[in-house]
Amino acid sequence: MPHPLVSQQMIDTYQADGVVLVKGLFADHVDQLRDGVAVNMADPGPYASENKKAGETGRFFDDYCNWTRIPQFRDVIETSPAAEVAADLMQSRRVQMFHDHVLVKEPGTSMATPWHQDGPYYFVEGQQTISFWSPLDPVRQATLRCVAGSHRWEKEVLPTRWVSEDGFFPDEGQYIPVPDPDAEGMKVIEFEMEPGDAVAFNYRTLHGARGNQSDSRRRAFSLRLVGDDARYVERPGRTSPPFPGHDMTPGQRLREDWFPILLQRQAGSEPLT
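In our numbering, each residue's number is its place in the sequence shown (first place is 1) plus 785.
Among these hints, one or two may not hold up.
Calculated pairs, DSBU-like style, for lysine-lysine (alpha carbon to alpha carbon, straight line, at most 30 Å) [unchecked claim]:
{"no.": "1", "residue 1": "Lys-808", "residue 2": "Lys-972"}
{"no.": "2", "residue 1": "Lys-972", "residue 2": "Lys-837"}
{"no.": "3", "residue 1": "Lys-940", "residue 2": "Lys-972"}
{"no.": "4", "residue 1": "Lys-940", "residue 2": "Lys-838"}
{"no.": "5", "residue 1": "Lys-972", "residue 2": "Lys-838"}
Pair by pair, the computed Cβ-Cβ distance ranges are [to be verified]:
{"no.": "6", "residue 1": "Gln-793", "residue 2": "Arg-1023", "range": "37 to 47 Å"}
{"no.": "7", "residue 1": "Pro-1035", "residue 2": "Glu-979", "range": "37 to 47 Å"}
{"no.": "8", "residue 1": "Glu-979", "residue 2": "Asp-820", "range": "12 to 22 Å"}
{"no.": "9", "residue 1": "Met-826", "residue 2": "Ser-895", "range": "36 to 46 Å"}
{"no.": "10", "residue 1": "Gln-1049", "residue 2": "Arg-854", "range": "20 to 30 Å"}
{"no.": "11", "residue 1": "Trp-1043", "residue 2": "Gln-959", "range": "24 to 34 Å"}
{"no.": "12", "residue 1": "Gln-959", "residue 2": "Pro-1045", "range": "23 to 33 Å"}
{"no.": "13", "residue 1": "Ala-823", "residue 2": "Arg-925", "range": "32 to 42 Å"}
{"no.": "14", "residue 1": "Ala-839", "residue 2": "Glu-863", "range": "33 to 43 Å"}
{"no.": "15", "residue 1": "Asp-965", "residue 2": "Gln-998", "range": "13 to 23 Å"}
Read the hints as simulated data drawn from the structure, not as lab findings. All values derive from a computational prediction rather than experimental measurement. Backbone N, C-alpha and C fix where the C-beta goes; we use that ideal spot for every residue, glycine too.
Model the full assembly from the supplied sequences, consistent with the hints where possible.
Below, the structure written as structure tokens:
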């Protein structure tokens, strides 16, 4: 049986649309995650950035790969129901850690999170992937926006640098240009959310977010996990996150000492649907 937070309809929706809302996934961990974000912002990691284009207002802070040094993040990853919910939605017996990500838009931040897919930035490929994006403040206008079914597109979207908008890798025909889903009439799914709710989406789901023009902060914690079929793949340049010195080869599962197994269900114990 799925975890109590998950229904069969949610599993079907995740598989078909590449996105679904999980109410209350981190509801018991909101204060802990807020504390972790405060620690992260006071002591940023090596990948921290302040995304701001010329003429933009406010502050857009993001950082990732800090869960091993911030105890609050580690504890939530290891004790929350996230791994079980991930297994149900991905239809995977194995759930493996990939990385954490913090995104904070202070009040009056005009910069939007550009439309993108996470997958092309990563050195991992597979259908069984999942990101949880969880606000730590109520969100209405500055919520995550996802394009239904985009995880099934034949080609991936060209990964770009968020501020300069330059291509992250050379494009030799394997990518499509970044679309404008609103102008092109695509089915955009978004949710008004409370702290601890989570949007679950596939690494290949096209997504973005508006700026934060409200008078309150919009803190978000994101958790990236992979399942049974995820394998290391080489990209035509430095990936983000880069994980230097990983020593993996194409076709390998991610090394478990860097990317630990969070859940391993026994064959036959949780039949796939």
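Each hint, compared with the structure:
This hinted pair checks out: Lys-808 and Lys-972 have alpha carbons roughly 21 Å apart, not beyond 30 Å. Between the alpha carbons of Lys-972 and Lys-837 the distance comes to roughly 28 Å, so the proposed pair stays at or under 30 Å and holds. A threshold of 30 Å between alpha carbons decides the hint, and for Lys-940 with Lys-972 the separation of about 18 Å falls inside it, so the pair holds. Taking the CA atoms of Lys-940 and Lys-838, the gap is near 28 Å; set against the 30 Å cutoff, the hint holds.
Under the criterion of a C-alpha separation no larger than 30 Å, the hint pairing Lys-972 with Lys-838 is consistent with the structure, at around 28 Å. The given range of 37 to 47 Å is respected by Gln-793 and Arg-1023, whose C-beta atoms sit roughly 41 Å from each other. Judged by the Cβ atoms, the range 37 to 47 Å given for Pro-1035 and Glu-979 holds: they are separated by roughly 42 Å. Range check, Glu-979 to Asp-820: Cβ separation about 18 Å, and the 12 to 22 Å hint holds.
Separated by about 20 Å at the C-beta atoms, Met-826 and Ser-895 break the suggested range of 36 to 46 Å. A beta carbon spacing of about 25 Å between Gln-1049 and Arg-854 agrees with the range 20 to 30 Å that was offered as a hint. For Trp-1043 and Gln-959, the Cβ-Cβ distance of about 27 Å falls inside the hinted range of 24 to 34 Å, so the restraint holds. Taking the beta carbon of each, Gln-959 and Pro-1045 are about 31 Å apart, inside 23 to 33 Å as hinted.
In this structure, Ala-823 and Arg-925 break the distance hint of 32 to 42 Å, their C-beta atoms being roughly 23 Å apart. Hint check: Ala-839 to Glu-863, Cβ distance near 42 Å, so the stated range 33 to 43 Å holds. Roughly 20 Å separates the CB atoms of Asp-965 and Gln-998, a value that falls within the hinted 13 to 23 Å.
Violation of the numbered hints given earlier is confined to hints 9, 13; the remaining hints are satisfied by the structure.
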